[in-house]
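In order, the protein sequences belong to chains A and B.
Numbering follows the numbering used here, in which position 53 of the first sequence is assigned residue number 53; successive positions increment by one, without gaps.
For the numbering used here, count along the second sequence from 1 and bump the result up by 1000.
Keep in mind that a hint or two might mislead.
As the list claims (entries may be wrong) - From the structure, some residues in chain A lie toward chain B, with a derived Cβ separation under 7 Å:
hint	residue
1	Ala190
2	Ile314
3	Val318
4	Gly319
5	Leu321
6	Asp324
7	Val354
8	Gly355
9	Pro397
Hints were generated in silico from the structure; no laboratory data involved.
Cβ atoms here follow ideal geometry from the backbone N, Cα and C, with glycine treated the same way.
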Amino acid sequence: MITTLGEALRMALAQLRRNWSRTLLTSLGIAVGVGALVAIVGIGQGASRSIEQDLASMGSNLVSVEAGTGGGPQAHVSAPPFQDRDIESIRRQVPHLSGVAPMASSSVTTHYAGLTWSTSVTGSSPDWLGVAGWTLASGRALEDGEARSGAAVCVLGETVRENLFGDLDPLGARIRLGDADCTVIGVLAAKGENTMGMDQDDLVWAPVRFVQRRLLGTTGVDRILLSVDDAANTDEVLLSLDAVIRELRHVRSDATVDFQIRDTREMAEHVGGITTVLTGLLGAVAAVSLFVGGIGIMNVMLVSVGERTHEIGIRMAVGALQGDVMAQFLVESATLSALGGLAGVALGVAVTAVGATVLEVPFVVVPAAVIGAVVVSAGLGVMFGWMPARRAARLEPIDALRAP
Amino acid sequence: MSLIAFRGITRVYGQGDARVSALAGIDLDVASGEFVAFMGPSGSGKSTALNVMGCLDRPTAGSYTFRSLEVTDLVDQERARLRRAWIGFVFQGFHLLPRSTAVENVELPLVYRGISAARRRELAEHMLDEVGLADRRHHLPSALSGGQQQRVAIARALVTEPQLLLADEPTGNLDTARSEEIIALLARVNREHGQTIVMVTHEPDMAEHAHRIVHFRDGRIESEQRTGRTP
């Protein structure tokens, strides 16, 4: 083979320009496939990042313990709640905990100065702030003494503050919380919406004992949130928690438990798994459309070889070797396909941008996916152009010259 | 020492009852620097002989040596290399690339010889000057007359300075005046550059410009005559 790649590329571009409408339509097939792939990977990455951000805002290295095991025939739907002494035991016996937050939740209607707002109240310990990853915008957090005594104090989420107080200063105000009154001692810094579109700031935080006595009329909690001091200790904490709670609830080691323990990593894997499966499925569909685009290229190249048989004969007569003819057609189909790939990347990035806005996920362009898409589409061109190019190269010069 | 030696060259097309013997055992020698004309009726085998000579077609049997090299032993790739290195073609139908300009057509053989773009353009323009088409360089073949197209084709064949120029009815599509120009051009090339020329023609007037005329009939050489011209 004597022709350089540059020479072959020049010939390919000239040929593709000549048949520009055919070039456009054929590369469209590849563009759609590549565009779909780029968009799916981009939106998938955006969704993953959004979930990561959610999990981070939930608090890091989080472990949740729930009484009962959820659905199923063996479910202990009405498992006994965790009492104060259970929580104390966990706090004392499980190592590497940086915070323990019992969770007692209730829906309430709040009132202040004639304004009403329906929200939910979270009864928990002072640890909750750190465990659930909150910071204060103003005022102060609950103190241990208040938590123990069940004092009538509360900290407002931004949404509740906005709706009850507007421009007024809420600190020190007494608001009505269901059937009880409490004094506002602080306001939480806003977190905004999570991926599911839920407003995370629509809540009131109060001492767990206050919520139990004054709002729920119970003593235990169904759920405890715990944070681990270091992610590396999570496995140890999970094992220890399981053992401690079994003992507390007198569950033999071979019996079915009536509680469940989950950690953030597990939740992340669960949500991430769904995203990965969806991305994979959609990616497979895009790959099929890319394959169909490749068949389109093969088809057009076969037609092109047929139409240009005479030209091939002339080229062979003036000195083209089989390799030269092969290279000419391969470079042509690779160029055709790569042009489609480039258009597809532009299309895919545009769709990603629109999709990211509509789905409210971060706009992520993965450079590797973009470069990969162009390289893969050029590769597809070589793959699907191989058979037509070989057919061209194997023509007998004398037969090719006689073609019209 | 002859440039070309055919010994018992046979070319059979088709199979079974449809077998047609285009060449039925030909012995022929062409010396270096010679200008030979092939004549004969249609289907007499003269074009087939030319195509075999140019490695565009393969003989069914017999021996063909080119510069002492046994061509019938070569594989496709080697025959293509031999063609590229030594042989130029001029066809009755010109066979120019229709969407390339005159100068681009003349450059084409140089592309396959790895010559740089600038050098190609220089050589091709010089060759177009030689055939008297300096002012038609950037015309497409469709904008040229038949005689001009054939001169472009001759420039294309000669730009690589081949040792052997094969012309298959180069004047077949041209009127008498244009034919005279083309044959004069070929004769000049043969005289001035010593290029060996083998030309197929129907016209005795054209054949008269060669040194030797070979008459074909039914796939065999019927007779040979010398014209009195010499290399």
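Can you give the numbers of the hints that this structure goes against, from lowest to highest? 1, 7, 8
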